[in-house]
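With the sequences and hints as input, model every part of the structure.
Take a look at the letters that make up each chain.
2 protein chains.
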Amino acid sequence: MDKVDCIFFQLSKAYQLGNRFLTQKVSELNLTSVQAMILGFLDQEDQVTSSELGKRAELDSATLTGILDRLEAAGFIERRGNPDDRRSIHIHLTKKGKTMAREAARVIAEANTDFLQILNENEKHDLLNIIEKLRHEITRS
Amino acid sequence: MDKVDCIFFQLSKAYQLGNRFLTQKVSELNLTSVQAMILGFLDQEDQVTSSELGKRAELDSATLTGILDRLEAAGFIERRGNPDDRRSIHIHLTKKGKTMAREAARVIAEANTDFLQILNENEKHDLLNIIEKLRHEITRS
DNA sequence: TGCAATTAACTTGTGTACGAGTATAACAGA
DNA sequence: TCTGTTATACTCGTACACAAGTTAATTGCA
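Top to bottom, those sequences are chains A and B. Going by this note's numbering, the first residue of the first sequence is number 1, and it counts up by one from there. Going by this note's numbering, the first residue of the second sequence is number 1001, and it counts up by one from there.
Mixed in with the good hints there might be a few duds.
Said to hold, decoys possible - Calculated pairs, PhoX-like style, for lysine-lysine (alpha carbon to alpha carbon, straight line, at most 20 Å):
(1) Lys1133(B) <-> Lys124(A)
(2) Lys25(A) <-> Lys13(A)
(3) Lys1095(B) <-> Lys13(A)
(4) Lys1124(B) <-> Lys1013(B)
Hints listed in this document are in silico derivations from the structure and should not be mistaken for laboratory results.
Here it is, written out as structure tokens:
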């Protein structure tokens, strides 16, 4: 078990590194990295259902429920009924939430640039392409 | 916030993909991915202190304590006092633990090969090198 | 129309990551 | 020696990932 050659170990540590980096950057907004990402997605378009948001963010519904709970408690979003389908809900950004979502999107973009600054253009391109290839090829259950 | 270009999003999903893949492979041993990794490290050398193991596995001591609790409860390891430094403990693989550690190392190696099969030699090399560069260059706290 | 299958959101339980703090032990310098 | 610093392992609290299961609403099909 050489950790240097173990892709699972390396992916895990690379993720943790990126996550700590982003977490630190968005902590000025009193958000976690995942909360900032979700607000970033809602900055593009709110009034989406929970399941649409889950698909966009590629998050499990059990995970998303908890995140939405905390964003709602912080006053950034509201859950509203969907008259077209009473099983689902609409996620709505509050005024405060819209402002925060814009800020979150800005900080994430900055952090992305800062983090990738270490790599040259080829490496950035290769990294994203290889991850995309893995994600596309690995059969997900 | 385009998730395709967001390195944090992509690293997170790449990690989750790898972790699910490994978790599924080691589930036949009734282990989690992290437990299998720790046993894999102990297969190389046991009788290490918790902090040495933490350094090797690059795990926080708070995280490691919980993992060791579960490995101990399952009968794979024992915590023994260290007479040389009474603050620390020695982690000792039981007989059952040695067998399981060997199996874990084997399954991880197989999973690694299976997972990386998707990439060609250049891509494997590039991916591991780029991750190493990121991990080396990003200032950790 | 009626019923089975599916879907949306949620709940519960377990495992891990990690910040913060604790008690004990070891150590280093005055 | 005494004291302040550091190190080890631990606890606690919060957040997320995910498997499994629940309830209620919708849909598809005979």
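Let me make sure I understand: some of the numbered hints might not hold for this structure. Which ones are they, in numerical order? 3
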